[in-house]
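Engineer: Chain by chain, the residues:
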Amino acid sequence: MNDDILAEVRRDYVLSKIRDGERVDGRKFDEMRKIEIQTGIIEKAEGSALVKLGNTQVLVGVKMQPGEPFPDAPDKGIIITNAELVPLASPTFEPGPPDENAIELARVVDRGIRESEAVDLEKLCIEEGEKVWLIFIDIWALDDDGNLLDASALGAIAALLNTIVPAERFEIGDDFPLPVRDLPVAITSLIVENRILVDPIKDETSVAKNFLTITTDSEDNIVAIQKSGSYLLPEEKFYEAIELSIRKAREVRKLLAEV
Amino acid sequence: MQEEVKLIVDGRRLDGRLPDELRPIKIEAGVLKNADGSCYLEMGKNKVMAAVYGPRKVQPKHLADPTQAIVRYRYNMAPFSVEERKRPGPDRRSVEISKVSREALESIIMKELFPRSSIDIFVEVLQADAGSRTACLNAASVALVDAGIPMKGIITSVAVAKVEGVLVLDPMKEEDNYGEADIPFAFFIRNGKIESIALLQMDGRVSKEELLQAVELAKKGAMEIYKLQREAIMKKYKVEEVEE
Numbered sequence: 001m002n003d004d005i006l007a008e009v010r011r012d013y014v015l016s017k018i019r020d021g022e023r024v025d026g027r028k029f030d031e032m033r034k035i036e037i038q039t040g041i042i043e044k045a046e047g048s049a050l051v052k053l054g055n056t057q058v059l060v061g062v063k064m065q066p067g068e069p070f071p072d073a074p075d076k077g078i079i080i081t082n083a084e085l086v087p088l089a090s091p092t093f094e095p096g097p098p099d100e101n102a103i104e105l106a107r108v109v110d111r112g113i114r115e116s117e118a119v120d121l122e123k124l125c126i127e128e129g130e131k132v133w134l135i136f137i138d139i140w141a142l143d144d145d146g147n148l149l150d151a152s153a154l155g156a157i158a159a160l161l162n163t164i165v166p167a168e169r170f171e172i173g174d175d176f177p178l179p180v181r182d183l184p185v186a187i188t189s190l191i192v193e194n195r196i197l198v199d200p201i202k203d204e205t206s207v208a209k210n211f212l213t214i215t216t217d218s219e220d221n222i223v224a225i226q227k228s229g230s231y232l233l234p235e236e237k238f239y240e241a242i243e244l245s246i247r248k249a250r251e252v253r254k255l256l257a258e259v
Numbered sequence: 001m002q003e004e005v006k007l008i009v010d011g012r013r014l015d016g017r018l019p020d021e022l023r024p025i026k027i028e029a030g031v032l033k034n035a036d037g038s039c040y041l042e043m044g045k046n047k048v049m050a051a052v053y054g055p056r057k058v059q060p061k062h063l064a065d066p067t068q069a070i071v072r073y074r075y076n077m078a079p080f081s082v083e084e085r086k087r088p089g090p091d092r093r094s095v096e097i098s099k100v101s102r103e104a105l106e107s108i109i110m111k112e113l114f115p116r117s118s119i120d121i122f123v124e125v126l127q128a129d130a131g132s133r134t135a136c137l138n139a140a141s142v143a144l145v146d147a148g149i150p151m152k153g154i155i156t157s158v159a160v161a162k163v164e165g166v167l168v169l170d171p172m173k174e175e176d177n178y179g180e181a182d183i184p185f186a187f188f189i190r191n192g193k194i195e196s197i198a199l200l201q202m203d204g205r206v207s208k209e210e211l212l213q214a215v216e217l218a219k220k221g222a223m224e225i226y227k228l229q230r231e232a233i234m235k236k237y238k239v240e241e242v243e244e
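Sequence order for the protein chains is A and B.
Under the working numbering, the first sequence is numbered contiguously, ending at residue 259.
Under the working numbering, the second sequence is numbered contiguously, ending at residue 244.
So here's chain A without its partners, still in its complex pose (with noise of 0.2 Å):
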């Protein structure tokens, strides 16, 4: 029950922020917090990355290994994403399957990278209609201070950055690394009191849940978006999360090059 008060009085301090056209960790409305990119930091994945934001961390990993095609994509390879938010990671996260904001976490990254044609699948075709690469991308929650959305998608772009096929291991080759031909990057906004946070922490969250993720590729276009929370967006605020999404990406993508 204490804990319910001191929550309720953190959200209206807030909340009280925002309204004084402040942030409670000091940033400006669309400013990130900071980010770091560490990759390679498992060597039994073909490729890996650990993202911090601020003081949330995300470790993804990507395993590969051959399999069958789709059928209606025979020459191409397959993504496969998958997040498990794991009770370590927030006293709110439980042990079993993904539940539904995990799998919506792991099914928005998956459509930035896929949408984007960040990997070129085509490449990763070994026998037509009989086998191809299979991608999988495993998104780990560490720690969770708000957005582990964005955190896993760039987490998840860095290791795919970082990915070696194995095919000496399978006797298909020699190994090579994953082609990687475009950076997209996620931007997610909260939309509280007629303002736009970018990259929201958890603090930030506890006001209201009322995300709103925008991802873009190289060239600024728009590859993917989710609203999510159940709240209603106005049209205007729609399109300054757009601009403002573009703008971000930018910056972040410019870390992104140095992986």
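Don't read these hints as lab results, they were simulated from the structure.
Just so it is clear, the structure is predicted and the values come from calculations on it, not from any experiment.
Errors might be hidden in some of the hints.
[As the list claims (entries may be wrong)] Listed below are the simulated DSS-like cross-link pairs for lysine-lysine, each with C-alpha atoms no more than 30 Å apart in a straight line:
| hint | chain 1 | residue 1 | chain 2 | residue 2 |
| --- | --- | --- | --- | --- |
| 1 | A | Lys202 | B | Lys99 |
| 2 | A | Lys209 | B | Lys193 |
| 3 | B | Lys173 | A | Lys52 |
| 4 | B | Lys99 | A | Lys123 |
| 5 | A | Lys254 | A | Lys34 |
| 6 | A | Lys63 | B | Lys99 |
| 7 | B | Lys220 | A | Lys237 |
| 8 | B | Lys219 | A | Lys209 |
| 9 | A | Lys209 | B | Lys61 |
| 10 | A | Lys202 | B | Lys86 |
| 11 | A | Lys76 | B | Lys193 |
| 12 | A | Lys237 | B | Lys99 |
| 13 | B | Lys61 | B | Lys33 |
| 14 | A | Lys63 | B | Lys86 |
| 15 | B | Lys227 | A | Lys237 |
| 16 | B | Lys220 | A | Lys209 |
| 17 | B | Lys236 | B | Lys45 |
| 18 | B | Lys235 | B | Lys208 |
| 19 | B | Lys219 | A | Lys237 |
| 20 | B | Lys235 | B | Lys152 |
| 21 | B | Lys6 | A | Lys76 |
| 22 | B | Lys236 | A | Lys209 |
| 23 | A | Lys254 | B | Lys208 |
| 24 | A | Lys131 | B | Lys173 |
| 25 | A | Lys123 | B | Lys6 |
| 26 | A | Lys44 | A | Lys209 |
| 27 | A | Lys17 | B | Lys152 |
| 28 | B | Lys219 | B | Lys208 |
| 29 | B | Lys33 | B | Lys45 |
For chain A, the structure is supplied; the task is to place chain B on it using the hints.
Structural biologist: Leaving out everything else, chain B in the frame of chain A:
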């Protein structure tokens, strides 16, 4: 190989529609006996049935919220609804659709009027042909009205796709499969006016400008669907349309 399919010829789509035309829509309210509210809806080849139960006691009890009603939404596809039999039960896609659809409706349902209750919305896709989530939301919306659930307005949903570089309203299966983008929308409509966006998803690739055009196209389509939703409700309750 996909390029062989020509989806737009002389400005007309495969089924003869212009880019800004909807598929034929049929809506009927109050079609199930057991449910508190229900609706059968066809949108092109989509055939969906929505039922609303509630406000009622929450089962299981521990899910009850002492301050407001909980809203649950289940989007479910029948195994025979698609070309290749779909294994019954929720898959990841249905879980996501159920989540965002629930959130869209939750945003206009006056939940605070029914503490410790649940409002359960079940939508069964009997036949799917692209845009089933939009058809389901439109049906659910009418079923909620039929059940007498107090709402701030109504939700009306429609998708826009980009096909061979052209934005088209309410895409059918072929356009969804081979198109460059799919953007499902749902709008909150109050007093016959679009107020805001209740559901928005997108996958594909569009420019900023195209996205803005897509919103306009979707709004046009939504207003047409809204009129049909209204008519279906009026018909069920035998209300003569008054000249406004």
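Engineer: Among all the numbered hints in the text so far, which are the ones the structure does not match?
Structural biologist: 3, 4, 10, 11, 18, 22, 26
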